[in-house]
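Novice: The primary structure of each chain is shown beneath.
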Amino acid sequence: MELTSEEVRHIASLARLGLTDEEVETLQAQLGDILGHVNQLNELDTGNIPPTAMVIAVQDVVAEDEPRPSFPVDVMLANAPERKGNYFRTKAVLGYET
Amino acid sequence: MSYEPVIGLEVHAQLQTRSKMFCRCSTQYAGAEPNTHICPICAGFPGVLPVVNRRAVELATRVGLALNCEISPSSRFDRKHYPYPDLPKGYQTSQYDLPLALRGHVTLGDNGQQRRIGIVRVHMEEDTGRLLHRSSPSGEVYSLVDLNRSGVPLLEIVSEPDIRSAVEAREYVTKLRQVLRYIEASTGNMEEGALRCDANVSVRPVGQAEYGAKVEIKNLNSTRAIERAIEYEIRRQIEALESGDGVRQETRGWDDAAGVTLGQRGKEYASDYRYFPEPDLPPLTMSESRRGEIHRGLAELPDARRERFVALYGLTPQDAADLTLTRETADYYEAVVAELREAAPARLAANWVRGPLFGLVNRDNLAITDARVSPKLLAELLRMLHDGEVNATAAREMLEETYRTGRSPREVAVERGLMQVSDASALGPVVRAVLERNPKAVADFRKGKQQVVGFLIGQVMRETKGTASQDTARTLLLEELSGSQAGAP
Ligand SMILES: [Zn+2]
Numbered sequence: 361m362e363l364t365s366e367e368v369r370h371i372a373s374l375a376r377l378g379l380t381d382e383e384v385e386t387l388q389a390q391l392g393d394i395l396g397h398v399n400q401l402n403e404l405d406t407g408n409i410p411p412t413a414m415v416i417a418v419q420d421v422v423a424e425d426e427p428r429p430s431f432p433v434d435v436m437l438a439n440a441p442e443r444k445g446n447y448f449r450t451k452a453v454l455g456y457e458t
Numbered sequence: 018m019s020y021e022p023v024i025g026l027e028v029h030a031q032l033q034t035r036s037k038m039f040c041r042c043s044t045q046y047a048g049a050e051p052n053t054h055i056c057p058i059c060a061g062f063p064g065v066l067p068v069v070n071r072r073a074v075e076l077a078t079r080v081g082l083a084l085n086c087e088i089s090p091s092s093r094f095d096r097k098h099y100p101y102p103d104l105p106k107g108y109q110t111s112q113y114d115l116p117l118a119l120r121g122h123v124t125l126g127d128n129g130q131q132r133r134i135g136i137v138r139v140h141m142e143e144d145t146g147r148l149l150h151r152s153s154p155s156g157e158v159y160s161l162v163d164l165n166r167s168g169v170p171l172l173e174i175v176s177e178p179d180i181r182s183a184v185e186a187r188e189y190v191t192k193l194r195q196v197l198r199y200i201e202a203s204t205g206n207m208e209e210g211a212l213r214c215d216a217n218v219s220v221r222p223v224g225q226a227e228y229g230a231k232v233e234i235k236n237l238n239s240t241r242a243i244e245r246a247i248e249y250e251i252r253r254q255i256e257a258l259e260s261g262d263g264v265r266q267e268t269r270g271w272d273d274a275a276g277v278t279l280g281q282r283g284k285e286y287a288s289d290y291r292y293f294p295e296p297d298l299p300p301l302t303m304s305e306s307r308r309g310e311i312h313r314g315l316a317e318l319p320d321a322r323r324e325r326f327v328a329l330y331g332l333t334p335q336d337a338a339d340l341t342l343t344r345e346t347a348d349y350y351e352a353v354v355a356e357l358r359e360a361a362p363a364r365l366a367a368n369w370v371r372g373p374l375f376g377l378v379n380r381d382n383l384a385i386t387d388a389r390v391s392p393k394l395l396a397e398l399l400r401m402l403h404d405g406e407v408n409a410t411a412a413r414e415m416l417e418e419t420y421r422t423g424r425s426p427r428e429v430a431v432e433r434g435l436m437q438v439s440d441a442s443a444l445g446p447v448v449r450a451v452l453e454r455n456p457k458a459v460a461d462f463r464k465g466k467q468q469v470v471g472f473l474i475g476q477v478m479r480e481t482k483g484t485a486s487q488d489t490a491r492t493l494l495l496e497e498l499s500g501s502q503a504g505a506p
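So the protein lines, in turn, are chains A and B.
Quick note: the first sequence, position 61, residue 421 per the working numbering, numbers continuous.
Quick note: the second sequence, position 230, residue 247 per the working numbering, numbers continuous.
These aren't lab readings, by the way, just hints derived from the structure by calculation.
The C-beta atom is built at its ideal place from N, Cα and C for all residues, glycine as well.
There may be inaccurate statements among the hints.
To be verified - To give an idea of the interface, some chain A residues facing chain B are shown, with a C-beta separation under 8 Å as derived from the structure:
hint, residue
1, A413
2, V422
3, E424
4, F448
To be verified - Simulated crosslink set (SDA-like; lysine to any residue; CA at most 25 Å straight-line):
hint, chain 1, residue 1, chain 2, residue 2
5, B, K97, A, V418
6, A, K451, B, P57
7, B, K106, A, Q419
8, B, K97, A, R376
9, A, K444, B, K106
10, A, K451, B, K97
11, B, K106, A, F431
Let's have the full structure, built from the sequences with the hints guiding it.
Specialist: Pasting the structure below:
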């Protein structure tokens, strides 16, 4: 399975990764191999098997709408690379507002 | 050339649950310190186990049913990937190809002129956190992240491109909000962000079947903004077509202060969400019996209630529409009617609720449920009015006093001397005094000028500050006039 270098750069940009030309080349081969491996599975005849999104047979796992205490803010922020007051602080990402 | 706008709306509504969609953090974070309502699940830490909120599914199903949708027997969550710091996991847990509800509609207008707007789908997802963009004294731009809102149950309601004008778009959102409130699925409060709207707008020459290039407008935070932004965008697109520039498919943001839509940069990959089934959440099923149970628990919807008010209480369609605008108002009105026990017409109650009472609560920006005039007190007042114990002017004065103080209207009427006097022995002396003071009118009457009776009744009313019964006053006046005539030489 061949991936173009444009496709690799596009995937990298979706993940906000900057790649050197050498890395693009390396990943082009590696991602191609992975796709090739997955494509082998497509050779199986699955005509009689219903599609599934879940490999274990569970469904309808729900919880009652009863609030429970949240975590202390200092615990939640303990591993934050940067904080300011009670906020996580991060580099601004502009132009991708939702 | 004349153009036709084609508009579809995506509405996001927060569901009114007590806890979040996939964790049990409280949704009551309004006014709280940032990041005090979060846990490893809604903060997107690795290795956690989200669990679906049962109530959220029930409320979402209610919405699907209220919008005449088919409820899917089986639905599923997917991961929608995009990198933005308001989304701590790097993906939003949403529903993609197996949403909860499909193919419904909303009806706009009333019996006179109805328009049906199709609903493509209703699906469940989670709200994002909030970002504050800041810059440091050295000019570095950074963002502060508050995840209190992250994981709040959110519903996305996608309409068909059936909307044909900015006004209709506003009507659609207003209607949707009314339904959401009726069935207590969402507060629908746009100022607080509980209801948000994106619009897809294109224009095409009238008669053309294909759609024009579609522009998505973000950031529509009020019904007024929806109407203004779409109005603006339609005009902008028509001008772009006529000038030969053409319309580019893009995402634009609405700048409310400037009253314009502006192109947003960096959206070229926005559709590349790489959805895949959420492995942490098993599918949801909806049995016929569970669906029926939720359907039976659904409150009467505004359209049905409006039609019932016309049929049952004999109201005009406009009165019925006004009284069913919110569930609270409709409940209030029906409580008044129940308290009246048919001692006064339901139409009289309608006039007084949507006239003088609405006037007072709107003036003070109060909810009708907060008014001190309880349905019972209003019914007491209406009964007195209908029985002729007080006249309409007095009833208004009583209403204002009861509204202000919550006191019984009867008490107010007695204390202020507003009760109608229809007792002949009480009115007799007043009538005789009026005749004595108006000899000219009496003489005119004897010459055959019947009209002076009206004038004399007016005098009696003035004398009694409007509390005299007009019927009694008339009878007594005619008796006195004919009596004195007979006695004349
Ligand atoms: Zn949480």
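Novice: Against each hint, give a clear statement of whether it holds in the structure.
Specialist: Hint-by-hint comparison with the structure:
A distance limit of 8 Å between C-beta atoms decides the matter here; for A413 of chain A the minimum to chain B is near 3 Å, and the interface restraint holds. For the restraint placing V422 of chain A at the interface with chain B, the shortest Cβ-Cβ distance is roughly 4 Å, inside the 8 Å limit, so the hint holds. Below 8 Å, beta-carbon pairs count as interface contacts, and E424 of chain A has one with chain B at about 6 Å; its hint therefore holds. At a threshold of 8 Å, the smallest CB-CB gap from F448 of chain A to chain B is about 4 Å, leaving the interface hint in force.
With a C-alpha separation of about 22 Å, the suggested pairing of K97 of chain B with V418 of chain A holds against the 25 Å cut-off. The straight-line distance between the Cα atoms of K451 of chain A and P57 of chain B is roughly 22 Å, inside the 25 Å bound, and the hint therefore holds. This hinted pair checks out: K106 of chain B and Q419 of chain A have alpha carbons roughly 23 Å apart, not beyond 25 Å. The suggested pairing of K97 of chain B with R376 of chain A holds, with an alpha-carbon distance near 16 Å, which does not exceed 25 Å.
Restraint check for K444 of chain A and K106 of chain B: the C-alpha separation of about 21 Å stays at or below 25 Å, so the hint holds. The straight-line distance between the Cα atoms of K451 of chain A and K97 of chain B is roughly 22 Å, inside the 25 Å bound, and the hint therefore holds. Pair hint K106 of chain B plus F431 of chain A holds up; C-alpha atoms about 18 Å apart against a cutoff of 25 Å.
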